[in-house]
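Student: Single-letter residue listing:
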Amino acid sequence: MKYVSAFVISLIVIPIDRAGGEPTPADAPPESAPAPVPPTAGDPGENSGGEVIEVHGVKPADPGTTRLDAGAARKAPGALGEPIRALALLPGVTTSIAAVGYPIIRGTLPGESRFTFDGIQLPMLYHFLLGTQVIHPSFIGDLELRAGGHGAEQGHLIGGHVALTPARQEATRTEIRASPLEIGAFRAQALTDATSAAVAARVGTLTAAARIYDTSTSLYYVDQQTRIVHRLGSGDALTLTSLGAFDYLGRPQEGLVEIIKLGFHRLDGRWTRERTSGSLRAGVETSLDVARSVKVYAPPEDPSIPPTRPHREGGRSYGVRAYADGRLRLAPWLGVRGGIEARHRTLVHGSEPFQFTESTDPYLGLARRVDAQGGWAAFDVRAGGLTITPGIRADVYHADLYGASVRHVTVDPRLAIEARLPRGARAELAVGMYAAPPQATLSEEPVVVGPLPMTDGAGSSGGMNRGVQGQVSIRTPLPGGLEGSVAAYYRDMHYAVDFGIGDKIFEEPCRTELRSAHVYRNIDTRSVGVEVMLRRDVGRSVSGWLSYSLAKVDRDFGFIQLPGEYDQRHTLNATAQWRRGRWTLGTTGHLHTGRALLDPQVANCMVTGLPDPVTYSFTSLHKLRRPPLAWRVDLRAERAFRFADWRMNLFFELQNASFTKEIVGYDYDTFEGRMIERTVFLLLPMVGLEVLL
Amino acid sequence: MSIGRWLLLLAAGCQTTAEPYEVMAAANLAGTAGIEGPLEVLGAGRPASMFHLEHTVVAYDVRLPDEAPRRLRLFNPGSCDTPPDEVMLIEDLGTIRRVGDEVHFFVPTVIDGRRIEVDTIVATALMSFDPARTDPYVPYFLDMIAVVQDLGEDEPGPPPAPGFPQKGSGTAPWLACGAFTLR
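Residue numbers (the working numbering), protein chains in the order written: chain C, 1 to 693; chain G, 1001 to 1183.
Bear in mind the hints are in silico, worked out from the structure with no lab data behind them.
Glycine included, each C-beta is placed from N, C-alpha and C at the ideal position.
There's no promise every hint is true.
[Said to hold, decoys possible] If we take Cβ atoms under 8 Å as the criterion, some of the chain C residues that face chain G in the derived model are: (1) Val348; (2) His349; (3) Asp361; (4) Leu401; (5) Gly403; (6) Ala404; (7) Phe506; (8) His518; (9) Ile560; (10) Pro563; (11) His622.
[Stated by the list, open to error] The calculated label-pair distances, taken between Cβ atoms and stated as ranges, are: (12) C:Val320 - G:Ala1048: 23 to 31 Å; (13) G:Arg1115 - C:Pro413: 42 to 50 Å; (14) C:Asp503 - G:Gly1100: 22 to 30 Å; (15) C:Ala377 - G:Ala1048: 29 to 37 Å; (16) C:Gln253 - G:Gly1034: 53 to 61 Å.
Let's have the full structure, built from the sequences with the hints guiding it.
Tutor: If you want it as structure tokens, here you go:
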């Protein structure tokens, strides 16, 4: 059984803007709100010199989209102050370990989903793939989860889409955080009447936690975010965004030192124009990714033996993306939207690239250059309470691999129909065809990580993953300040390359004439499910949400049908916060039924030359076993202290207050002749201090 | 393919224009049973500086006269003129059979007591492309031939597992043979 435990003490300082009142990240609308409409001719504001009032609001989320305020997500028990972790509590989302880890959306591997910040795609979510998130929590305004049924604006995407929106940055706000793990700062303020900026940086170390396992390990990380918005007037704005993260791991082992470096940087500059009749956006984004491993061997004791050369794996990549999109209101009942984009990436893998599978099959091979172009168009036709949105998307994908070159052209039609129902309810039907190049995900139970840097284009010589998706969603306000939503979906996808089973085989023991069958190409996967959510937003004495997912994922190999990699039938999450006086108490409960795990088999085989049979264990893709139900409870308590000119919040959080463990795999001990359960026990207490000046 | 059908496939998102993968070597099969075409050994999709012994083998363009499965094996030495009783079996790649316009590799396995043929599309073979890095179980590729045989031909003794050569195991009739050459 593995234990993971660390004590975290966190200090957060949040000065209040004395002129503007208290900044409350949980309540502030995101920066993505539409810019104020400039006065036009005949407008009372222009001719009479009357006061111009700016109203910032947020368009209600589509019925098929779940929006979560980053401030509320940050305070959800179990999230440990990282809003991205709260995604695991939303309907349609599972993780490899109960509510911890990369989100698996409707059974698709994390590498097949897309995670963006203000439209900028993130190549990784967490430091060291498992640690704190790469974006400072205060930099995020909202999290929006669209699990499926994407519109034509999303191309080369067959999984879910998690969009992080930027936090508002006009109001002055400073946050300083210090702990034995990290020191970080966030600052947002208006630089001039037209310019605002937000800057965040964190430097951290997980060395203390890592040394629970290995006393000589070193783990350091750094991340930075910068966003500058300059309003040109008349609804035009220029935005410059810089995102970056870098991780360093030094791990001495016997006879060698292994050094791993992971990191990325994105620089995005864009121009936006907002008018009552429409909007335009155009921008350029540069990208840099690093993923390297170096093993430096100790010199041999015998000086006559030449030293072993360092073993280097991985490399770096450079890229650029240009995009433009807009919308135009042709008539009160008709609008048109469209966009184009082009991107290029060069991947320099070095002499030995990372091996994501044990196979040397070139159909799983890495790319050296990727070029992609796409264009899309959609119409919004309004008829009474209905909005019908037909759309179409065309993409060209070209990859140069080692010794091969591929080019894929796809055309995907999409359709969405939204209806306004009585009493403020809304319904949506979204269907479409979807295609995407194979996306690598690191899947080694219980760790599943994706997307991965340096994997763009990997496996594309096998073809494109493609299929159809459809979902029906309803969202409605309920009495008592509640909101309810229900969604049902169906996905039928053909995987040209399924990285989830790249190294798994169909095995039959004792038959030496039979080869192990590796099957990872041309796999059909079907998933179907129902998701329910009941929520009550922040601002009331009791807030939180309840989510339930019923899902089924099947893989069809043609000769056999098996459960999908993350076929998890029932998932139930409940999180609630209760405010009374100066106390805020919160709890999160998570429960899920077991996924199908490889079930070790035992065989007694006669071996040539030996009189007695030999016992050995093996696994085969079709021999599976579901562990029992897993559950966990997290707790959070916060106490506010008020003084003359300042306030202080003291909080304590305990992840896995239920002290439960989860089975993540099975092994067979041939020596003792018994099955062994591989379990994970996560226990993480955190103490934090917020000071508001 | 007609332009109309091409456009239909394009609209459905099914059209792909792919350029050939890297082929390191090929054995051009030829015989009297109507079986012919190249058995191709692919590169590993990695920098050439990375040495490896396991190679993907494809038979996409091999032509078979019918839907029946055939066995495909690798023997040593590398000449189709070698008498069958003098060749050494290096590796049994499984069976090949037609799938649409292509020929795929199939691997027999047993699932829940049923023997079935699993379409693995490609096969893997151990061979060296460096004459200085070989051994009896992983020979130099030029020292091998690819032979197509019928299924169900009994041979003396159990078939050897990969890596355990057995002399004289090529006595079943050869339907087609090809020696590997560098591409």
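Student: Please go over all the hints and tell whether each is borne out by the structure.
Tutor: Hints and how they fare:
1. Because the closest C-beta pair between C:Val348 and chain G is about 11 Å apart, greater than 8 Å, the hint is violated.
2. Nearest Cβ of chain G to the Cβ of C:His349: about 7 Å, under the 8 Å cut. The hint holds.
3. Checking C:Asp361 against chain G by beta carbon gives a least distance of about 5 Å; that is within 8 Å, so the hint holds.
4. Taking 8 Å as the C-beta cut-off, the interface hint given for C:Leu401 holds, the closest approach to chain G being about 6 Å.
5. Hint on C:Gly403 holds. Least Cβ distance to chain G is approximately 2 Å, under the 8 Å limit.
6. Against a cut-off of 8 Å between C-beta atoms, the interface hint on C:Ala404 holds, since the closest Cβ of chain G lies about 4 Å away.
7. Proximity of C:Phe506 to chain G holds as hinted, the smallest CB-CB distance being about 5 Å (cut-off 8 Å).
8. A hinted interface residue such as C:His518 counts as satisfied when its beta carbon comes closer than 8 Å to some beta carbon of chain G; here the least separation is about 6 Å, so the hint holds.
9. For C:Ile560, the interface hint holds, the least distance from its beta-carbon to any beta-carbon of chain G being 6 Å, beneath 8 Å.
10. Among the interface hints, the one on C:Pro563 is violated; its C-beta lies about 15 Å from the nearest C-beta in chain G, farther than the 8 Å criterion.
11. Interface restraint check: C:His622 against chain G, minimum CB-CB distance 6 Å, threshold 8 Å, status holds.
12. Checked against the hint of 23 to 31 Å, the pair C:Val320 and G:Ala1048 passes, with Cβ atoms roughly 28 Å apart.
13. Under the hint 42 to 50 Å, the C-beta atoms of G:Arg1115 and C:Pro413, about 43 Å apart, fit the expected range.
14. At roughly 28 Å, the beta-carbon separation of C:Asp503 and G:Gly1100 lies within the given 22 to 30 Å, and the hint holds.
15. One distance hint, 29 to 37 Å for the beta-carbon pair C:Ala377 and G:Ala1048, is violated here, with the actual separation near 44 Å.
16. Here the CB-CB span from C:Gln253 to G:Gly1034 is close to 57 Å, well matched to the stated 53 to 61 Å.
In the structure shown, a violation is registered for the earlier hints numbered 1, 10 and 15, in ascending order.
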